[in-house]
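Residue strings, one per chain:
Protein chains: 2
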Amino acid sequence: MEAVLSRKEQIEKTATALFKTKGFSATSMRDLANELGIEAASIYSHIKSKEEILQRVCFRMAQEFFEAIDAAEAVDGSATERLQHAIAAHVRVLTKNTEASAVFLHEWRHLSEPFHGEFLALRDKYEARFRRIIRTGIDSGEFSVPDEKFAALTILSGLNWIHTWYKPEGKMKPEEIADNLSAMLLNGLTTDKLTLTESDSHLNTP
Amino acid sequence: MEAVLSRKEQIEKTATALFKTKGFSATSMRDLANELGIEAASIYSHIKSKEEILQRVCFRMAQEFFEAIDAAEAVDGSATERLQHAIAAHVRVLTKNTEASAVFLHEWRHLSEPFHGEFLALRDKYEARFRRIIRTGIDSGEFSVPDEKFAALTILSGLNWIHTWYKPEGKMKPEEIADNLSAMLLNGLTTDKLTLTESDSHLNTP
DNA sequence: TAAATTTGCTAACGAACGTTAGGTTGCTTA
DNA sequence: TAAGCAACCTAACGTTCGTTAGCAAATTTA
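Residue numbers (our numbering), protein chains in the order written: chain A, 34 to 239; chain B, 34 to 239.
Hints are computed from structural coordinates only; laboratory data are not their basis. No false leads were slipped in.
Copies of the same chain look alike in the list, so a pair counts if it works inside one copy or between any two.
Capping the alpha-carbon separation at 27 Å, the derived lysine-lysine pairs in DSS-like fashion look like this: (1) K46 <-> K200; (2) K204 <-> K158; (3) K81 <-> K55; (4) K55 <-> K83; (5) K55 <-> K182; (6) K41 <-> K83; (7) K129 <-> K83; (8) K129 <-> K200; (9) K46 <-> K83; (10) K182 <-> K204; (11) K182 <-> K200; (12) K204 <-> K46; (13) K129 <-> K204; (14) K46 <-> K81.
Using the sequences provided together with the hints, build the complete structure.
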């Protein structure tokens, strides 16, 4: 666990921050160099091209999201529980890498082929993983929803907005955000309502 | 209702499509000219600058969203009903202008001052309108939600993802999308659950 | 028919772009 | 101590960028 970043990692980190705020195309190598306190040409001692930075960020984040959902799906339990785990895992990755997440979510279209295509394929696979959990929940009667793809996209969109307002120093911690999101989203899905008041809850057992 | 677009409107429409797919910065005036079948310099007979196009799109869409929520809020009824109207109105604007909406949602950061600041102020105002409806619902006991700002942002994020997958020729019509979204989102908000099965529903009356 | 407006052209501007070539410095390893 | 490497420099490359100037043709308006 080296807290010391290599120069290449520093470049990647600084570039990620710039890509988030200005966008990939609007960020010049001279902007990046200026932020690092060196000349633009010097950056090429460490990287092959501007796009390489974007590629590394996009595919590293993709990997992180996949590892997170792998762990969530490994849990056995109801579809509800697995979805809660998937949501929590997704939120954890997002909040731990706010800037890289923003780049991952918005700047991938500046990837050239074949990276652009590969990225989209990964994205589809990830969405399918969420959709499958929802499908399971529909089949088991846990969820009642008109369209599973629609549900998956709405859930993911709710999650993917977090990076625009989340601040590590803010009052809401990642786990809290995940719980609140799960509550908001799942109670819109579950047939068996979890938010009944205590005076009503006994009515739910039979 | 002139179906014939002025040259300026044609330019704006073509530019909007390009801004959506390639992004504002990655779209050159020569790209735009090429799409229109003219020379880049010729565009300047109709517009003052590249950014002017972005400004017009962003602020026109802002106006459309405000007019939509004005109408939704004018309806008297429960907070639930007003929120449903607001959602439906938002979806209607989004689906009627998919490309302009995408630009509105993602490219505004390329506005220069003072437009950038003005735009953000409008955006905050719009969010506050949603938040106020939710606040009313919390006060009336219709909604039960941990944080009203959090709820508003999650709802809006669910709505604002539509432009990425909505196709006018697709099977889901705008009103249907709005209904599904309302169902998904509101059932996560309402204390009084609407999706109880018929065999259970009588249990809820006392 | 004359004037005004719309629409487009060619040529070119200075600035900014991503990137390469070639060289220097200083630290680390054999 | 010599070799190797990491890090950065200056200078410059060819290209693309948004935009302006000045002019010409066509269409619309008076």
